[in-house]
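Residue numbers (my numbering), protein chains in the order written: chain A, 2 to 419; chain B, 812 to 899; chain C, 7 to 1004.
Hints in this document: simulated from the structure, not taken from any laboratory.
Think of the CB as a built atom: it goes at the ideal place given N, C-alpha and C, for glycine as much as any other residue.
Some clues are possibly wrong.
[Unchecked claim] Here chain A is said to cover these stretches of chain C; the calculated rule only asks that three of the stretch's residues, wherever they fall, bring their Cβ under 8 Å from a Cβ of chain A: (1) 186-200; (2) 495-506; (3) 547-554; (4) 563-570; (5) 785-795; (6) 897-904.
Each chain, letter by letter, is given below.
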Amino acid sequence: MQKYSVFSLIKNAFKGHKDWEVAWKDPTPKAEYEVIIIGGGGHGLATAYYLAKEHNITNVAIIEKGWIGGGNVGRNTTILRSNYMHDENGMFYEKGMDLWRSMSQDLNFNVMYSPRGIINLAHSDAQMNAYTRRGNSMRLNGIDAVLLGREEVKKLVPMLDFSENVRFPIFGGLMQPSGGTARHDAVAWGYARQADSMGVDIIQHCEVTGFDVANGKIKGIKTSRGNIKAKKIGLCVAGSTSILAEMLNITLPIETHLLQACVSEPIKPILDHVVTFGAGHFYCSQSDKGEMVMGGDLDGYNSYAQRGNLPTLQHVLTEGIAMLPFLSKLKMLRTWGGIMDMSMDGSPIIDKTHIDGLYLNCGWCYGGFKATPVSGWTFAHTIAQDRVHELNAGFSLNRFNTGNLIDEKGLGTKTWIS
Amino acid sequence: MLHIKCPHCGLRSQNEFSYGGDGTVKRPDLNKEVSDKEWDTFVYLRKSPRGKHVELWHHISGCRQWIKVERDTATHEIFKTSKVNEDI
Amino acid sequence: MSEEFRLDKIGLVNRDKKISFKFNGKKYFGYEGDTLASALIANGVHLIGRSFKYHRPRGFFGAGVDEPYAMVQLYRNNETEPNVRATEQELFEGLEAKSLNCWPSVNFDIGAINNFLNKFLPAGFYYKTFMWPKSFWYKIYEPFIRKAAGFGVVSTKHDNERYEHKYEYCDLLITGSGPSGLASAYAAAKNGARVILAEDKSRFGGSLLTSEVSIGNQNGKDWADNIIAELKEMPNVTVKNRAQVFGYYDHNMLVMSERLSDHLPKSKKYTPKQRLWYIRAKEVIISTGSIERPIVFGNNDTPGVVLASAAKEYLKVYGVLVGKKPLIFTNNDSAYETAIEFKKNNINPIILDTRKNPESEIISEAKNMGIEMKFSYVVVAAKGYKKVNFAEIANISEDKKDLGKIENINCDCICVSGFWTPTIHLASQSGNKTKFNEEIDAFVPGKSKQNETTVGSANGIFSLEKTLITAFEKGHEISKKITNKDNKISVPQVSEKKFTQHDKFWCVPLPKEKNYKRFLDFQNDVTVSDVELAIREGYRSIEHVKRYTTLGMATDQGKTSNLNGLQLVSSIENKIVPSVGHTTFRPPYTPVSIGAIVGREIGKHSKPTRKSPMHSWHEKHNAVFVDAGIWLRPRYYKKGNEGLFEASKREAENVRKNVGVCDVTTLGKIDVKGPDAAEFLNRVYTNAWLKLPVGKARYGVMLREDGIVMDDGTTTRISEHHYHMTTTTAQAANVLSHLEYYLQIVWPELNVNVVSTTEQWAGAAIAGPKSRNLLQKLFPDINVSNEGLPFMGYLESNLFGIPARIFRISFSGELAYEVNVESDNGNFMWEKIIEIGKEFAIQPYGTEALSTLRIEMGHVAGSELDGRTIPYDNGLDGLVSKKKDFIGKRSLNRKAFIAKDRQKVVGVVPLDKKTSIPEGSHLVKDANAILPNPKLGHISASCWSVEYNNPFSLAILKDGKNMIGKKLFALCPVKNKSIPVEIVSSHYVDPKGERVRS
């Protein structure tokens, strides 16, 4: 594979950039693979990459209905963090942070990992206490966390609303200094390029229409481009999980919901951190291009539409202005929507299923992007070894029977409540 | 913003309602012995189809009645609404 | 400075009103009715900014929303606004603007070095480099790139402008006041429909402002003026200019932003800057017209290269010449109109037409006027750095692949026309599946998904006559459906010039040995070779191309670039355009003010504030408030220099010693009525309710179906079929919905009604050993003894003539009562309690003292009932009935819930009896264990025990019931604290609960 570097860039510049190779090929599906990953999003591509890299399984196909990276990996707000209270989440996402830290070098693709720090604002003592609990939990798990007072927040992000004319004053915040952002598309492309180079077939525009299961064992899939056999199949389709599960007669503790996000017009750098509003649900960072990247609540009803309505954005931006008053003077440039696989306790599922050879990766709710590497890493392990890794042991399907729920928000099954 | 026909009040904007999720979930009867599986199905498992979805909405800023709505989750088109005690 | 490019008489600007303005510090003047763009061009200013990536000089390309690069930093009324499109900004007295993205100046921009390095900066170059050394991306490269990116600047000052919202309903919304919009609006309005006609620009008329046509014996513009005048007079019609419908949402909800003050030096008093309209339309007619698209050629971004239609608009609307030696480069007839307008004003244009021998009425007319034309000719490249000063042109072969000999031709502007692209954004947003129209080389709306109809050039119809016929017909047809009237307007006679077929040509090949940049996306600096590279590298889907090259992702959202991008991809991939497909159109059509989207819900009004009827009393008595949801509650009453700690300690001590009064109005209250009310409560709460007598209260806990505690509170049986339920402040609304769910859906057979009475009652809790004495004085007629009003008893009486409810319930663990009166009497009640309580040394107490009291008594509250705990965790085992079924009971036998070492609430005391334990600390066995250090539990609530005068905390601890007496560490690394502690019972004070019953 061609190596990307400043030298290869210069060399190619003098050849008019005519010699760059394709980042990934466009193969026709083979009749059989050892492993098929359904879903060419971030998690699917990462799973294939780690199957090849960590487990030497390269006879792998990724089956994607549309174009790779077109799902939530390409329509999120690019935030990376591991600031979780529950151990299962904290340890899992912190492994993810480790993978993020070396991803550009590992993939030889600049994914622009930018640990600019994420600050969750608190607007009451009660909230400061909740953040103390979370921050302590992080620190005891070896994750960086700093509790900030009002003045400390003001020093870091002076343009937040510290005025008198404010409904919920800022009391302080919890900061994870190593949290930050990455370039979302690059993550998908970087994994795709490496996976392809190790022999993974990336098959785009191929829709799964059914499964071949016999005697409780998975045998293969039916697709718009013919039947393909496989010993093992991993489902990695986020918001479309319920649709595929239905083909297998499986009902899951998941609902598919719509989450919108938007960006402002680009402006010169003003916000260096990722900041979240504590008296509601709003998060914001500024992209390298200068756009303010903003998101918040779900539209609040089951949806596969990838198309939302304005009142939700109005609500989200209301909290935006409450936090960063200058946003009022900017213009909203682009909006988009992604469909979220909301699980019943807000935490993901990475597990085997009752069908032998069928593995499940879903339930990412709002938080799938940051999990991309570690989701792929643990899912690859689960598929290759046919057993869960200790990092994803908590994300089992049967926790909904045993009561070992991982509910960061304490909201229970009403996933649409903000 | 959706436009939902409350069977009690008429056509109203979505911001008068709150969402109640899968309308086909049926709570096991009180005092009835149910298996773990049956119970967990009721508590946690949800129909989440792409297409027609029967769901509950609560007219909280109106008559405060829960209603049933049949809606397409891919297009948001609403086909029918009914009172909760009616079949949809 | 004189306006050397302004014609004397032409145009619609108001020559009587001169307006002065500044651009880059230099003073100019224009006229009322100018845009910043037209006024600058009139003054010969074409260099307006620098491009995003290469910092190439950029000028004006369009004359409206499609403008890709003429953006400025605007200064207005002591504020500044970034990224304002000069082609849309109307001129006002004192306007100031500056160029963007250049340093030190637009004339000499250091960043332009990127233009010479461009060879090293192809699409996606940043993915391939800046990877080593590892930390350099974040520390060195990224900050550098961030500084270079972005356009304008925003000040961090609060926005002083006002934005409003309006909700409107109509029969028919029409988006655009060109000929199709006017005709359909007129037809529908005359047929009785309630019509809203929205025009984005300040002037109505659309293409009629600049075209030479006549409609019913009037010229086009006069016809438009007359129709508008008539529409404005009709009561069933709302006509709005400066109003853009930018989004088409579900169920025919459209949103329009109306700019009321942006064209004024400052907003008038009580007039918002912008108003956002949420419009629910029964039907929508989309008459958004079309946008001219460019032909791609070398250096096509040079200032002076403009769309032919823009040149015509500058001339006809503003009386401004984009140049005096124009070169017109076209593949179709419409640019001939531009040429003819130049010629009429004694300017001699030269037309280069890519077609071989086109023949039409307008071409003959141009010929007859003596305009010079060259057929089968193309512009190969624009020449000149900051302004076009000549062009390289060449003959082109019939297959459009080979160029003839390059010739130079003098010109000071190049007016380009590559035919027209229908503006289908709204139709596409509505869910309409667009289709490709071969004849016009562009997408047009297909089958409607919602109630929308597209007319005129937005639908790919470019003949005025056809447009008017269909628009009148649609306006009539649609209104008839709604009004059932049949008042039909006859279509006026139209005279227009017939056009011949355009040439499907969109990109000039590069001459040999030349490497001109040919721009597709002008703002993001995306060139033909960038797209070629993306496809070469396998980014083949149009979405991949877009994301890899950033084509169409700039603030103009690709209005002039998307289709040419598609053409390029399809030609490289050897596919037809429709199979490549276009990227999704999403709202907004053009960037829309975030202030306008939010409206009035800003500052203190970003969320509602709820106050109890006693709020002003609290304020007067130095209460410091705390947010409890959207309620404000007194947290403590400040005396002298007291802080939170001293004040709350004083208040709590006074409750333990004398008597205190606390405003408990915010608690949720629900009336539960009906013959089956007891049965219902018995199902809702975990404990038994069937035998609660009238006049008694009971504490209850309710669960979610998953077994987690949802809420707690006391419920009182007021009469046989009437219960008064209280909930926590936070859960009030959820509990009501929860009850309604079960009554309406799960158990409709129960004859019970529930209604919120939170607002109906004001509540005061009177707590402390002297509370009985106080109560007796407040209600001299009732028997307040332990027999007369026992613990959990209830009485009704009157407080100096007003009806009151008296509950003997306690949250503080002291002897306590709660008095409720109707809200209007709340303040009366409060003042009486304070007044009469004086002799018992009464003090009001806030939520902080309340917390202290409940914590040291071991009463669980929100910090323990955090949506993750079951009753057993909270020591509420006794409240869980073994005999009856209730909501969530079946979940309580889950394996994890009945585990032997299940978490439980306990008390925690620091060994030194001095160090307060921060809430949120974690309990561990070994303070210095290597990480991750196993956590056994967390401190949920802490207080200073006023009973024992030492710190006391509650914790939720694993295997809590077996941990009493054990020594652990409370760790709070974020506050750098490690505190040795002992685990004790959670009931620290009065463990037997004797005081409440005393």
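Hints, one by one, checked against the model:
no., hint, result
1, 186-200, "violated (count 0)"
2, 495-506, "violated (count 0)"
3, 547-554, "holds (count 5)"
4, 563-570, "violated (count 1)"
5, 785-795, "violated (count 0)"
6, 897-904, "holds (count 5)"
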